[in-house]
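The hints should help you fit chain B with the ligands onto chain A, whose structure is shown.
Letter by letter, the chains look like this.
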Amino acid sequence: MPEYDQSRIRNFSIIAHIDHGKSTLADRLLQASTAVDQRKIREQTMDSMDLERERGITIKAKAVALPMVVRGEKYLFNLIDTPGHVDFGYEVSRALAACEGALLLVDTTQGIQAQTVANMYLAMGADLHVIPCANKVDMQASRFEETVKELEQVFGLKAEEVIKCSGKTGFGVEDIIQAAVDRIPQPSGNPDAPLKALIFDAVYDDYRGVVMYVRVRDGFIESRQKIALKATKSQFEVLEVGVVRLGQFIKQDRLDTGCVGYVMCGIKTIQDVGIGDTITLSSNLEQVEALPGYKKPQPMVYAGIYPVNAADFDALRKGLARLSLSDSAFTYAPENSGALGTGFRCGYLGLLHMDIVQERLERESGLDLVQTAPNVSYEVLQTDGSVIRVDSAADMPEITKIQEIREPVARLNVIAPTDCIGDIMKLTIERRGIYENQEHLGADRVMLTYRVPLAEIIFDYFDRLKSITRGYGTMDYEIIGFEPGDLVKLRILVAGEDVDALSMIVHRQFAETRGRKVLVKLREEIPRQLFVISLQAAIGGKIIAGEKISALRKDVLAKCYGGDVSRKRKLLEKQKRGKARMKMIGGVEVPQSAFLSILQVSNEE
Amino acid sequence: MSALYVHVPFCVRKCEYCDFYSEAAGERDIERYLDALEREFRLRHESLSPRTLFIGGGTPTRLSAAQLTRLGQTLRRHVDFARLSEFTVEINPGTLDERKAASLADMGVTRASFGVQSFDAGFLKQLGRVYEVGKAESAVGLARGAGIARISMDLMFALPGQTLEHLREDLRRALVLGSEHLSLYALTYEDDTPLTLALQRGEIEPCPEELEREMFSLAGQTCAASGLQRYEVSNFARPGAECVHNLAYWRQDNWRGYGAGAHGMVEGEISENAADHAAYARCLLEENRLPIVRRERLSPAQRAETLLLMGLRLSEGVELAKFERLSGSPFSAVCVESSRALARRGLLELGETHVRCTDEGLLVLDRVILELASELGAGVAR
Ligand SMILES: Nc1nc2c(ncn2[C@@H]2O[C@H](COP(=O)(O)OP(=O)(O)OP(=O)(O)O)[C@@H](O)[C@H]2O)c(=O)[nH]1
Ligand code: SF4
Ligand SMILES: [Mg+2]
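Chains as they are written, first to last, in this note's numbering: chain A, 1 to 605; chain B, 606 to 987.
Okay, chain B solo, but in the shape it has when bound:
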């Protein structure tokens, strides 16, 4: 088992664009949640000796320093840290203080992933993020000061009203802070979020498609100039500083997930926990059983399809040998027509060991996947 994910489903408040499960909760809820997490580890009783550990949210740093320490103790009790080479925590810059930074370092965190989103006060407000400008810089300073050396930042682009100039400035400020890793996400309008409702009411203008493409390229060029390479649709890193944990998802290696709403996938078997933290805790603490709401065993064809839809996000692409191992047929045999047509259009490259998207292909990846998956599906149905 290579990757272990732990979920913390609490936030200070909900951001305007977010449809991810998260909610404002009281101290009692958090304590109870930590109890439940401890119980989940105990009930599952898996021998865990991961290479990577990732605490995500929500907002893990919504927890107090003491609560973080408790979480760390739970992990130490149930997880063997011997082989661990990467331990990431997601941090909302507005919620970090010196004590929390120290707790995180004590837990063994090696990598801090900051949800900065923007350095501009106006856009932060538009996104509903809860901290003042300047907080990002000081939070990075706190993490570094506590001894967490590896720094990653999330930024968003294609925001309503954003210009190339705005993006350039955000990138500059992120790179100046010495990040070895950046995640640059195009804003997505998820159903029923306040931001989407504002869009539907005509209160905001979406970013024009061509501008979004220019931003996508600008991000690539600016990062490259600072030595960070695009290794996934939205992720850039100095060579060697890629997020190994996330690579497990994209390469469809095994991972396990703990906590409310967490998913795991081990040898093609997916399991999913109850998303609601109260239901999750009730199930574990009162009923003393696992809060699994879904289990699904993927067929070889489904595993192959999932490998494509995750793996083609990577610049390295999908390993052909792996595809064949999962699906039982060589890629070139099951996606003959579609891969040929996509290659002809300059969207896909079929190499010796990997099939990968070109930069142009990454921009329309969802369509590329649809083309390949349709032929794959038709082949299986036949």
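For reference, chain A alone in the conformation it holds in the complex:
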């Protein structure tokens, strides 16, 4: 007999724009839950708690079980955490697919923001019942009425549905709990059908291996069951199932229909577990149909990572391998660059993902690394009719073999003060954006929608947006597919030599401006040398821009006598080390900073 009947279970997420109060509200719900029966929970968790302490492991809970008493009845709330950021849109959509409802939290001092919209669309796409919560009403700057109007206008929600709350003071939290019981549907699903469960997240842990977070759709899952994953067809034996409470893994006999919890099978690499995949019993892998929506993560943004010291290549490889243990969306493959030597081409879901991975890598491996400017992934239709994926400008086939280059295009939502419309229009159109829609949010804010090539967004768009909107603008995007573009490979030549790590794919219209600006940037980055250095930008064989770095004219110590020798030798040692760190290209010493500097070059005049 299951502990909770399906009618007493509520599975939901909290969705919000960054800093709108998700974690604070989650804490409130947790408090409301622990108040129910603290002694019992302690007893249950004591053992595993000691184990956690001994090993010093902290659990990053992806789903928390919250026992609740509402109007004298016992309920189980399963609160499912989502990564929140657009880079992880697919993961968010899978987490939402494990729920029946969502609390849409809006900070009333700020109103609806870009990620509010993006997350709301995902929730609607997953058919969830959404409970709008207008948060932070304790604050002086709170604009409750306006926020309610925005919710009505943008999402067609009804004013009466909106719950007024403050995660900080606890005001309205009781209403939210009651609404969760009354408005969020109980899980559906057939307890008597064969097992079918959704993997909505997976994390790697050195001691436990891969921990899968699942939502049981039909049937039940228990330890010693033989299970299989639909997409990979791989089979495992269940070692342990349970739920997470108060930050502890709590082992259970089984997870029943409608339940959310964890499953451990001692799986060693996270790549073996696809987020969004379906778990079945091995015995009827073929008969059970997969849950919809499964995709393999596909990196959209690529950048090269090179060790500063060639000798660190192996250490870098180890660091990357370690990272990929716990991050299935991140890819890496060795690559050779004429300019930078041997390193890796890494694929990321987006820029935030890239920043997270690169920061972790530097911190965990302690290596000195050079990162090249990121680019998007392209699809190239070749003249022989084949289509290939190209992740690096250096890998672009020769012009004569290219029939068409396609690039990822995103739908971009920007929310900003109305008086910024002109500047945003100008910026986005310069970035090859195509206007799609405009919607006013109250009197002084507007939501603008564009189709924009992803390459133009990853290229400092957010920084520019922030600056032209005085910090008020927020944005979010979703990739909608690949589209052909008039794209060309811009080659950069230093002293007549092609520098693969500096070449880039750009739109023909911007090629010349881009080229000229890259050269100006390089002129700043490359120190003067004993000879004049020519810098050129070219498309195919045609030079479209040129620059020169003049020769060094004077560099000699005025005085050097007996007592100066040691000082001069020390200086020379330092200069030699600096010189050794430079990359030699066409006899020219190029500092590593030059490879990243081209990221700061924009299309704008």
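If you are wondering where the hints come from, they were derived from the structure by calculation, not from laboratory data.
Being a predicted model, the structure only gives us computed values, none of them experimental.
Even glycine gets a Cβ: it sits at the ideal position worked out from N, Cα and C.
Taking lysine-lysine pairs in the DSS-like style, the calculated list, with each CA pair at most 30 Å apart, reads: (1) Lys-619/B x Lys-568/A; (2) Lys-619/B x Lys-574/A; (3) Lys-927/B x Lys-579/A; (4) Lys-927/B x Lys-568/A; (5) Lys-927/B x Lys-574/A; (6) Lys-619/B x Lys-559/A; (7) Lys-619/B x Lys-570/A; (8) Lys-554/A x Lys-730/B; (9) Lys-559/A x Lys-570/A; (10) Lys-554/A x Lys-927/B.
Not everything, but these chain B residues come out facing chain A in the computed CB check (under 8 Å): (11) Thr-793; (12) Glu-815; (13) Glu-817; (14) Gly-866; (15) Arg-918; (16) Asp-971; (17) Ile-974; (18) Ser-979; (19) Gly-982.
Chain B with the ligands only, in chain A's frame:
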């Protein structure tokens, strides 16, 4: 042993551009320093019979006539003057008087090196030099009058606001005084000096690079017209009047140094004394031991590198046989690529006996050395 250096670490006040160790000190400090110097000679107990002797600073003429005489007596006691052919003292024109000039001549000084820096009152003030205009001329007169025949002068150029005209005038006045030797130093902005701080605050404009190059050439031409040839990056002399003492540094011959902060190098072994005069004196007088703070034995590769970085400063360049003797390999074998590339650019000339920089090469000497040393270092590492 060919060269002997003695250091006097005292100045009247610190100049605006100077990062050299020097400090204002009282009479007691100076007396104590002279005691310590005497003790250093005694403790080291080296048999010294140098060809050249050089007293530098600081400002040696910060010492009184009597103190100079004492210094002279210390030298006479410990140094054999028999082979000595050049005895130079650095002189700050503002600190010389008749009695000091006489003391110096009595000590056996044959060559006076005047730290003139500029003949222009405005630039002297900018540099923080402590004497009135006209002092330079009278100081030279005093030295000559006392019988010190060989005269050298230091001048600075590439000063903020200086024009070619200013430099031409300085050179004219120095040459008119009958100097056989000139040291012409481009102003260097050393870290944390008042002048550098003023530059960082934007109070002064550095000399533009092209103007500095023109000044470098002007100096060469003007000197040549008066019969002085550039024999080192910053040094010009009538043939035969080169400073033999300094040549020892550039040719990496042996030299010994005495006094606070003094360095010596004998057969690739460098030693360095404590720079602080109080620490130097304490060590010798109270602890009765040598104030050596560093000893370093240079490897063959390091000696070869040091020979390049000093020797290429000379117009004659580096003697190839000497390079090979120190490094164990011929120059053309260890600096193949770099020397070829530098020669192609017209910066370096590889002759039968010497490798030398062209005038163009001297202007970018530090880079030339870096190119050569990098290949040399890589060769040794391999
Ligand atoms: N005054 C007030 N402050 C709140 C309230 N809820 C959250 N905050 C504050 O708002 C800030 C962000 O709150 P979080 O709960 O961390 O927001 P979040 O949505 O989890 O943020 P991210 O995880 O970074 O996206 C914190 O400083 C909270 O203390 C509220 O109801 N009233
Ligand atoms: S006199 Fe010479 S050593 Fe003394 S402070 Fe001036 S420049 Fe420096
Ligand atoms: Mg949070």
